[in-house]
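Asks: Here are the chains, one letter per residue:
There are 2 protein chains.
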Amino acid sequence: MTTIEVKTTTANYAVKVKIGSLMNVAQAIKTVWTPRRIALITDTTVGALYADQVQTQLMAGGFAVTVLTVPTGEASKSWTQTMRLVEALSQAHFTRNDGVVGDLAGFVASIYMRGIRLIQLPTSLLAQVDSSVGGKTALDLPTGKNLVGSFYQPDLVLIDPQTLTTLPQRMLVEGYGEVVKCAALVGGDFWELLQSIQQPDDILLFAPQLIARSVSFKAQIVRADEKEGGQRQLLNFGHTIGHAVELLGQGKWMHGEAVAMGLVAVCRVFEAQGLTPVGTANAIAARLAVVGLPTELPDLALSTVLEAMRHDKKVHGDQLTWVYLTALGQPQLQPVPLTDLAAWVAPVLNAAA
Amino acid sequence: MTTIEVKTTTANYAVKVKIGSLMNVAQAIKTVWTPRRIALITDTTVGALYADQVQTQLMAGGFAVTVLTVPTGEASKSWTQTMRLVEALSQAHFTRNDGVVGDLAGFVASIYMRGIRLIQLPTSLLAQVDSSVGGKTALDLPTGKNLVGSFYQPDLVLIDPQTLTTLPQRMLVEGYGEVVKCAALVGGDFWELLQSIQQPDDILLFAPQLIARSVSFKAQIVRADEKEGGQRQLLNFGHTIGHAVELLGQGKWMHGEAVAMGLVAVCRVFEAQGLTPVGTANAIAARLAVVGLPTELPDLALSTVLEAMRHDKKVHGDQLTWVYLTALGQPQLQPVPLTDLAAWVAPVLNAAA
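Chains as they are written, first to last, in this note's numbering: chain A, 64 to 416; chain B, 64 to 416.
Think of the hints as simulated: they come from the structure by calculation, not from any bench.
Certain hints may be false.
If you anchor each label on the Cβ, the simulated ranges turn out as follows [stated by the list, open to error]:
(1) A:Leu-268 with B:Ala-74: 44 to 50 Å
(2) A:Thr-228 with B:Gln-397: 49 to 55 Å
(3) A:Lys-208 with B:Lys-70: 58 to 64 Å
Just so you know, these numbers come straight off a predicted model, no measurement behind them.
Even glycine gets a Cβ: it sits at the ideal position worked out from N, Cα and C.
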């Protein structure tokens, strides 16, 4: 088992990575929680695979369990589902000392009675390497993804790489897109480790290391900067163009796929500016391509890409802050005036169109 | 001007109490905010009185202002209004560095893009002495008041006692109920100051002192205990029975009126237990009665009161923690098993019925 300690200004907690740990979840939870009422919040897909076993274990461990299930998919990150979950907690008379377990429920846990305790059991690679650390919770609005949310730290994150064996290959591979992002930001041994991944199944083989490395990096960033200020912006590497691609694709691209395209595109943008060494984009593209991740942007009109970027949360005043590499493992921040965006982005789009 | 510094584990900010300060709001806001977009969130009643003037000043001060108005009343503390406000911010392209000003908007500010900056301009006595300090935000659910919310600290709280002159007398007086609660918890000079209040108009005369004393006390509590753990529970004095009365009254009693009844009732409960000196309930009732606040509980069935108490947020496990006085200015916490509640509460209800 690998244990990564996450320390923020508001909370300290552990991320534990252990094969088979979901089958001993009660034992892990008992290290941080006394017996209490627990809501197990999951989606229809993951719930069908694991909810019964987890509930049985928790009950045997002395916890009272209410299972709450939302439909699988991004559409459940809605006001409607939030309201439904909050009202279910209220009707079950949950009090402030009770808890929520799951990987979809951070926002609900953060607002019900101004916050009840939370443990995360992420079961997808994307959730394990990306959303499990950092305390970000979110809902989507018609006007944009993740426009509503909170910063809310769990008491424990328990990651069982075994759950990846039931993940559809496309979802396994999309999570690997975020792993490549982390490895490119960290460089060194972590970047070298990616040489071992030559096909999608290799991700399963190396999952414990890939997850532990990614989580350790993210924990280090979150420790330095709990909210999104300086260091934490580094995690947006590949996300500026990536988010635009994801938004404009209207569901065609999964998050990790859009990030994969965004990683290669941002390197090309900064290679053209002479700020990233030529060849970096191709080196990253090679690591993404072996598992089948897309590396070339789809045809997109410059005006729609720019419009999507202008509403990005990374816009501060009249500038959009980009993350680029001066070398693998050497990220930098570069604020670009909104008025210059077209000139920076257009060459990359033309190359793709 | 009185300035009270509030320090919590997550933020430091000032509460400024100054007559006429709402007419110089831009100046005060400039001490904490650079020019940015501001959403001025208010209700129909307060907005009609002040929104134009505040907007004009803010715009003259270099801020871009969007005024968002919700209907006056508790019914606006709803998912529907929250969603409407969040979507209005999104459609106006507010980013994370923009801000929200108002006394109804803390929850919206805390969840839009995981938190935008917030300044409170409370215009009712209840908001000035009670909800302006402590960072609690809340929504109501069909199953109970304030069941959803967050802890979220503002950058500044600006209190203009002049706004109390436009407050209906019943609302002025209900706010005074919370002032009496604070004075009873603090004792000494603060309690003596209440001797000066012999009729509702005296509240206006002494408003700056009453507000400053109440806010200072609350700031001291919040500093020791940002979330509701130990010290902060003291602020629940009078609220255990008070909340039940408010809930069961279904809108008949304003919050401060229910608290007034709850203050007297809890003293009677603890006088009967021999834990509060006999005469305390009458001393508090006298201070409340001179301004016309109710001091005797309405007729309530024991079973409905107990049911309301069992769902109280102050229930931890099988106990409900009460606040009582060993003397004026000497509060204590007393956990009471839920199974004993009936025996503690019944005598007070019988006396009132």
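Asks: Evaluate each hint against the coordinates.
Replies: Evaluation of the provided hints:
1. A:Leu-268 with B:Ala-74: 44 to 50 Å: Since the Cβ atoms of A:Leu-268 and B:Ala-74 sit about 46 Å apart, the hinted range of 44 to 50 Å holds.
2. A:Thr-228 with B:Gln-397: 49 to 55 Å: The hinted range 49 to 55 Å holds for A:Thr-228 and B:Gln-397, with Cβ atoms some 54 Å apart.
3. A:Lys-208 with B:Lys-70: 58 to 64 Å: The hint (58 to 64 Å, Cβ to Cβ) is violated, given that A:Lys-208 and B:Lys-70 are roughly 36 Å apart.
Checked against the numbered hints given earlier, this structure breaks only hint 3.
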